[in-house]
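In case you want the letters, here they are:
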Amino acid sequence: MKHYTQAKRCSLDTLLSLLQAASLMKYERRYPDLSGKILGMVFMNPSLRTKLSFEAAMARCGGQALSITPGESSWAFEEQLGIRMDSDRPEHLKDAVRVMSRYVDALALRSFAKLQSVTEDVQDTTLRRFEDWSTVPVMSLESAVEHPCQMLADMLTIKEICTEPKAKNFCLRWAPHIKPLPLAVPHSAIFAAAHLGMNITVCAPEGYELHTEFIQYAKETTTFLGGTFAQSHDPSSLPDDTKIVYVKSWGASSLYNQPERQRQDFERHAHWMVDAPLLQEETRLLHCMPIRRNLVATDAALDHKNSAIIEQAENRLWAQLSILEWIFTNDDGVIQND
Amino acid sequence: MKHYTQAKRCSLDTLLSLLQAASLMKYERRYPDLSGKILGMVFMNPSLRTKLSFEAAMARCGGQALSITPGESSWAFEEQLGIRMDSDRPEHLKDAVRVMSRYVDALALRSFAKLQSVTEDVQDTTLRRFEDWSTVPVMSLESAVEHPCQMLADMLTIKEICTEPKAKNFCLRWAPHIKPLPLAVPHSAIFAAAHLGMNITVCAPEGYELHTEFIQYAKETTTFLGGTFAQSHDPSSLPDDTKIVYVKSWGASSLYNQPERQRQDFERHAHWMVDAPLLQEETRLLHCMPIRRNLVATDAALDHKNSAIIEQAENRLWAQLSILEWIFTNDDGVIQND
Amino acid sequence: MKHYTQAKRCSLDTLLSLLQAASLMKYERRYPDLSGKILGMVFMNPSLRTKLSFEAAMARCGGQALSITPGESSWAFEEQLGIRMDSDRPEHLKDAVRVMSRYVDALALRSFAKLQSVTEDVQDTTLRRFEDWSTVPVMSLESAVEHPCQMLADMLTIKEICTEPKAKNFCLRWAPHIKPLPLAVPHSAIFAAAHLGMNITVCAPEGYELHTEFIQYAKETTTFLGGTFAQSHDPSSLPDDTKIVYVKSWGASSLYNQPERQRQDFERHAHWMVDAPLLQEETRLLHCMPIRRNLVATDAALDHKNSAIIEQAENRLWAQLSILEWIFTNDDGVIQND
Numbered sequence: 000m001k002h003y004t005q006a007k008r009c010s011l012d013t014l015l016s017l018l019q020a021a022s023l024m025k026y027e028r029r030y031p032d033l034s035g036k037i038l039g040m041v042f043m044n045p046s047l048r049t050k051l052s053f054e055a056a057m058a059r060c061g062g063q064a065l066s067i068t069p070g071e072s073s074w075a076f077e078e079q080l081g082i083r084m085d086s087d088r089p090e091h092l093k094d095a096v097r098v099m100s101r102y103v104d105a106l107a108l109r110s111f112a113k114l115q116s117v118t119e120d121v122q123d124t125t126l127r128r129f130e131d132w133s134t135v136p137v138m139s140l141e142s143a144v145e146h147p148c149q150m151l152a153d154m155l156t157i158k159e160i161c162t163e164p165k166a167k168n169f170c171l172r173w174a175p176h177i178k179p180l181p182l183a184v185p186h187s188a189i190f191a192a193a194h195l196g197m198n199i200t201v202c203a204p205e206g207y208e209l210h211t212e213f214i215q216y217a218k219e220t221t222t223f224l225g226g227t228f229a230q231s232h233d234p235s236s237l238p239d240d241t242k243i244v245y246v247k248s249w250g251a252s253s254l255y256n257q258p259e260r261q262r263q264d265f266e267r268h269a270h271w272m273v274d275a276p277l278l279q280e281e282t283r284l285l286h287c288m289p290i291r292r293n294l295v296a297t298d299a300a301l302d303h304k305n306s307a308i309i310e311q312a313e314n315r316l317w318a319q320l321s322i323l324e325w326i327f328t329n330d331d332g333v334i335q336n337d
Numbered sequence: 000m001k002h003y004t005q006a007k008r009c010s011l012d013t014l015l016s017l018l019q020a021a022s023l024m025k026y027e028r029r030y031p032d033l034s035g036k037i038l039g040m041v042f043m044n045p046s047l048r049t050k051l052s053f054e055a056a057m058a059r060c061g062g063q064a065l066s067i068t069p070g071e072s073s074w075a076f077e078e079q080l081g082i083r084m085d086s087d088r089p090e091h092l093k094d095a096v097r098v099m100s101r102y103v104d105a106l107a108l109r110s111f112a113k114l115q116s117v118t119e120d121v122q123d124t125t126l127r128r129f130e131d132w133s134t135v136p137v138m139s140l141e142s143a144v145e146h147p148c149q150m151l152a153d154m155l156t157i158k159e160i161c162t163e164p165k166a167k168n169f170c171l172r173w174a175p176h177i178k179p180l181p182l183a184v185p186h187s188a189i190f191a192a193a194h195l196g197m198n199i200t201v202c203a204p205e206g207y208e209l210h211t212e213f214i215q216y217a218k219e220t221t222t223f224l225g226g227t228f229a230q231s232h233d234p235s236s237l238p239d240d241t242k243i244v245y246v247k248s249w250g251a252s253s254l255y256n257q258p259e260r261q262r263q264d265f266e267r268h269a270h271w272m273v274d275a276p277l278l279q280e281e282t283r284l285l286h287c288m289p290i291r292r293n294l295v296a297t298d299a300a301l302d303h304k305n306s307a308i309i310e311q312a313e314n315r316l317w318a319q320l321s322i323l324e325w326i327f328t329n330d331d332g333v334i335q336n337d
Numbered sequence: 000m001k002h003y004t005q006a007k008r009c010s011l012d013t014l015l016s017l018l019q020a021a022s023l024m025k026y027e028r029r030y031p032d033l034s035g036k037i038l039g040m041v042f043m044n045p046s047l048r049t050k051l052s053f054e055a056a057m058a059r060c061g062g063q064a065l066s067i068t069p070g071e072s073s074w075a076f077e078e079q080l081g082i083r084m085d086s087d088r089p090e091h092l093k094d095a096v097r098v099m100s101r102y103v104d105a106l107a108l109r110s111f112a113k114l115q116s117v118t119e120d121v122q123d124t125t126l127r128r129f130e131d132w133s134t135v136p137v138m139s140l141e142s143a144v145e146h147p148c149q150m151l152a153d154m155l156t157i158k159e160i161c162t163e164p165k166a167k168n169f170c171l172r173w174a175p176h177i178k179p180l181p182l183a184v185p186h187s188a189i190f191a192a193a194h195l196g197m198n199i200t201v202c203a204p205e206g207y208e209l210h211t212e213f214i215q216y217a218k219e220t221t222t223f224l225g226g227t228f229a230q231s232h233d234p235s236s237l238p239d240d241t242k243i244v245y246v247k248s249w250g251a252s253s254l255y256n257q258p259e260r261q262r263q264d265f266e267r268h269a270h271w272m273v274d275a276p277l278l279q280e281e282t283r284l285l286h287c288m289p290i291r292r293n294l295v296a297t298d299a300a301l302d303h304k305n306s307a308i309i310e311q312a313e314n315r316l317w318a319q320l321s322i323l324e325w326i327f328t329n330d331d332g333v334i335q336n337d
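Heads up: the sequence lines are chains A, B and C, in that order.
Quick note on numbering: the first sequence equals residues 0 to 337 in numbering that gives the first Met the number 0.
Quick note on numbering: the second sequence equals residues 0 to 337 in numbering that gives the first Met the number 0.
Quick note on numbering: the third sequence equals residues 0 to 337 in numbering that gives the first Met the number 0.
Some clues are possibly wrong.
Same chains, same names: a pair is fine if it fits in one copy or spans any two.
Simulated crosslink set (DSS-like; lysine-lysine; CA at most 30 Å straight-line) [to be verified]:
1. K158 / K113
2. K1 / K25
3. K93 / K242
4. K93 / K158
5. K93 / K165
6. K93 / K25
7. K304 / K7
8. K1 / K242
9. K178 / K304
Keep in mind that the hints were calculated from the coordinates and are not lab data.
All values reported here derive from a predicted model rather than from experimental measurement.
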């Protein structure tokens with residue numbers, strides 16, 4: 000069964016053909032026919048772009064996306080195995096996933112990192128259990144460690160900006176925040192660049208390292224495709240000829256469970272906020288949004304002619320249309336009917 | 000006007016033809032054409048299966064189910080008649096129901112029992128008022144005393160398991176919980192068995208009696224159809240040759256408004272939890288879900304090869320498709336257009 | 000680009016043709032074809048009629064309305080410009096509106112008055128910013144000062160009641176409440192009457208004046224069309240031959256930010272509650288709902304044979320179908336495709 004949950008589950012060929020399909024859909028305003036198809040989306044965290052773009056994508060194609068918010072309109076889910084369920088979570092995830100699978104054609108899950116332990120986050124347990132228990136394809140709407148829909152959208156945006164991104168300079172640039180954010184988007188951002196063979200620099204203060212196996216995957220992938228991989232701790236400038244600066248905040252794993260020290264550390268790095276002068280003539284600014292203005296990046300940077308954040312957000316729609324077509328298409332290339 | 004709100008409102012013929020239609024839809028993957036039809040669903044209590052299965056059913060058939068959650072996205076509803084409305088409920092149910100009727104083709108209501116007074120619960124006031132004030136068909140998504148959609152789904156599941164359920168053994172088996180739950184599902188469970196003429200045993204501790212008129216209806220119905228009706232207080236075993244054990248927790252009406260004593264009583268009956276050894280070779284386990292694992296029934300029982308809870312949940316979809324087709328079909332057998 | 004956000008933005012010709020289209024749709028049960036169209040609705044305040052009638056309207060026509068509730072399913076929006084975004088509102092309205100515009104074919108906003116300063120409310124800042132930042136048509140689902148969808152629905156209801164409303168008597172009648180409500184509906188109610196050239200009387204206690212520029216617009220418009228405009232402070236009777244009494248509660252701008260004094264003032268005017276004896280033989284009662292029974296108007300008045308509140312609420316659907324057709328139609332009269 001097809002799942003779209005992790006970069007490494009897809010071959011590079013698959014990703015590039017998803018990218019090409021997304022681009023064609025965008026420029027030819029072509030929508031796949033998903034009449035009667037139903038996508039069940041489970042949101043364990045809030046969402047604007049993801050929810051609205053998936054609902055719009057399904058509606059455009061004749062289908063429907065149905066949202067479940069455990070603990071609000073639906074029962075809260077217990078995830079732990081083997082326990083006596085006497086808490087305020089009356090339904091087990093195992094039962095909920097198996098039941099939802101019977102009503103919809105694919106399931107999608109948003110489930111953020113808990114940011115208490117790197118080991119635990121990297122296991123991405125909730126998403127893994129969805130995959131295990133679902134009897135229909137599973138898509139990730141951002142899990143503890145990756146945001147693969149954002150990744151494909153970012154590949155599309157990069158391709159539009161650079162045309163030939165291979166060996167062009169891409170910089171993932173850390174920014175301060177008011178609270179630690181997960182590493183899913185930074186991981187997927189360097190994956191997007193790696194899948195296009197770019198020269199990647201991750202620029203972040205010491206202590207703000209990405210998870211080892213994700214750096215490793217990006218490094219190996221981009222090297223294989225003719226790019227390079229480097230890290231920097233210098234906030235004062237971007238590498239020369241940076242085509243893309245991808246701004247993003249995330250938390251320091253060494254400060255997990257120490258909110259006050261994390262807060263102070265953000266303040267100590269307040270000068271990492273991205274401002275317009277940092278942008279070179281050819282540098283385009285990306286950010287996955289939502290973005291806190293004048294804290295992560297200044298109004299001047301975000302409203303600069305080189306800012307591509309709105310186009311980038313639009314590309315979520317086209318990337319996801321392409322993923323949905325792929326998910327609902329069987330191995331003979333035909334959209335499956337019941 | 001057709002309503003689907005109570006077992007006794009439907010003739011046995013109607014119920015059996017709904018059952019047959021549900022079964023055909025399931026095995027032939029046939030969906031009624033409900034293009035342009037709109038179902039308005041009012042949820043006064045949370046839901047996973049009901050909400051998602053109805054939304055999916057309407058979407059599959061070309062229609063849409065729209066959810067209203069009074070007090071959240073919509074105004075809270077006042078239900079009492081004749082009072083000066085100066086509380087935090089700014090809209091009267093009478094007005095809301097009459098208005099919603101003008102926008103949708105059918106209304107559906109979930110409204111749980113308050114569990115403060117049997118007399119009050121049995122009146123099922125909110126649902127009765129919906130029926131009174133609505134100018135379109137009304138469906139119950141579980142009211143204070145019945146869950147008729149669950150009932151039809153359970154008839155389908157029983158029929159799939161037993162093929163010829165008449166005079167086969169069906170046991171509704173009480174289980175402990177952490178708080179008192181309504182009697183709607185246990186009532187509808189014995190109705191499902193009664194409509195198929197089964198030999199019904201209700202097995203529950205003393206003090207956990209179902210409401211008299213519902214027992215009476217089940218007893219008369221099943222007797223008329225060649226079945227029997229009995230009650231038992233013995234948790235140690237099931238009647239011989241039990242084909243279906245339907246596990247369910249509910250509260251003791253003598254302990255309404257005494258939460259602490261109810262809690263103690265559940266603990267005193269903790270050994271009523273259903274475990275795998277209780278299941279005979281031919282016994283299939285049902286439960287309407289959500290189910291608290293290792294409190295109502297053990298993992299071993301729920302994950303046993305004889306557990307049919309997921310299939311039972313899927314049958315909600317097929318039963319409801321059948322009910323929707325019936326609701327939207329006029330007396331000439333044609334789906335009504337405006 | 001077309002917006003439907005303020006009465007004065009539409010020519011009288013446009014309004015009258017929207018009215019005629021709404022009426023034809025209602026009596027011929029004609030629905031425009033909006034297949035594949037998507038309406039994004041942002042609710043910053045609760046709604047029953049507006050949400051359900053727009054969702055139903057889009058569904059009837061083959062499209063879909065998607066709801067966003069900032070601060071619940073979606074991120075809370077910051078509206079202030081130029082500030083450092085370190086609050087609990089992680090996304091700027093500017094970014095959210097520009098992004099949503101890329102996913103949907105039109106945006107709609109509900110954003111109530113804050114009732115802290117008349118000057119501020121009259122600026123209707125949130126709606127103006129939606130118009131500025133959106134790249135698709137914007138509709139108002141009630142803003143700080145107008146409710147233009149209610150207005151067109153009210154024109155339809157008045158036309159049904161009066162056939163030839165010109166120079167017939169229309170009375171907007173204030174009523175007490177438990178808390179100050181915005182002036183959007185009273186403004187739009189007198190606009191509805193003014194666009195039909197009626198003889199308008201606003202009957203309210205001293206201190207409960209509508210905003211000057213809205214009175215001015217209604218006065219000039221109705222005078223131009225052959226009607227008259229007057230104000231009264233007498234609760235004891237309606238002007239002779241009143242065809243429509245439009246009941247509505249609103250707050251006194253002189254008591255903004257003084258909740259206790261406002262509450263006392265409502266109590267002092269409790270006798271303004273509308274009761275059945277006030278209704279003349281030919282007087283029809285309107286109210287936009289939700290309405291607090293036996294506080295704003297008695298059960299006897301609201302359930303009187305001359306009460307038209309349910310018909311009025313139904314007309315929301317038909318008015319909005321007409322507006323949606325207009326919004327999605329290009330200047331050549333063809334519904335636009337992508």
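Query raised in the report: How do K158 and K113 come out at 30 Å by Cα distance, when the copy is not named: within, between, both, or neither?
Result: neither (33 Å within a copy, 45 Å between copies)
Report task. First find the shortest C-alpha distance between K1 and K242 inside one copy, then the shortest across copies, and answer within, between, both or neither for a cut-off of 30 Å. Result -> For K1 and K242, neither the intra-copy (34 Å) nor the inter-copy (37 Å) Cα distance is at most 30 Å.
Report task. Can you give me the call for K304 and K7, within, between, both or neither, at a CA distance of at most 30 Å? Result -> neither (35 Å within a copy, 35 Å between copies)
**Report entry** Status of K25 relative to K93 across identical chains (alpha carbons, at most 30 Å)
**Finding:** Only across copies: K93 and K25 sit 24 Å apart there, 38 Å inside one copy, limit 30 Å.
Query raised in the report: At most 30 Å between C-alpha atoms: does K178 with K304 qualify within a copy, between copies, both, or neither?
Result: within (29 Å within a copy, 47 Å between copies)
Query - 30 Å Cα threshold - placement of K165 relative to K93 - result: The answer is neither: 43 Å in one copy and 34 Å across copies each exceed 30 Å.
**Report entry** Same-copy or cross-copy closeness of K93 to K242 [CA-CA at most 30 Å]
**Finding:** So K93 and K242 pass the 30 Å test across copies only (25 Å; inside, 45 Å).
Report task. Please work out whether the CA atoms of K93 and K158 approach to 30 Å or closer within one copy, between two copies, in both situations, or in neither? Result -> between (40 Å within a copy, 26 Å between copies)
Query raised in the report: Between the shortest in-copy and the shortest cross-copy C-alpha distance, which are at most 30 Å for K1 and K25: within, between, both, or neither?
Result: Both: 24 Å inside a copy, 24 Å across copies.
Hint compliance for this structure: hints 1, 5, 7 and 8 are broken, all remaining hints hold.
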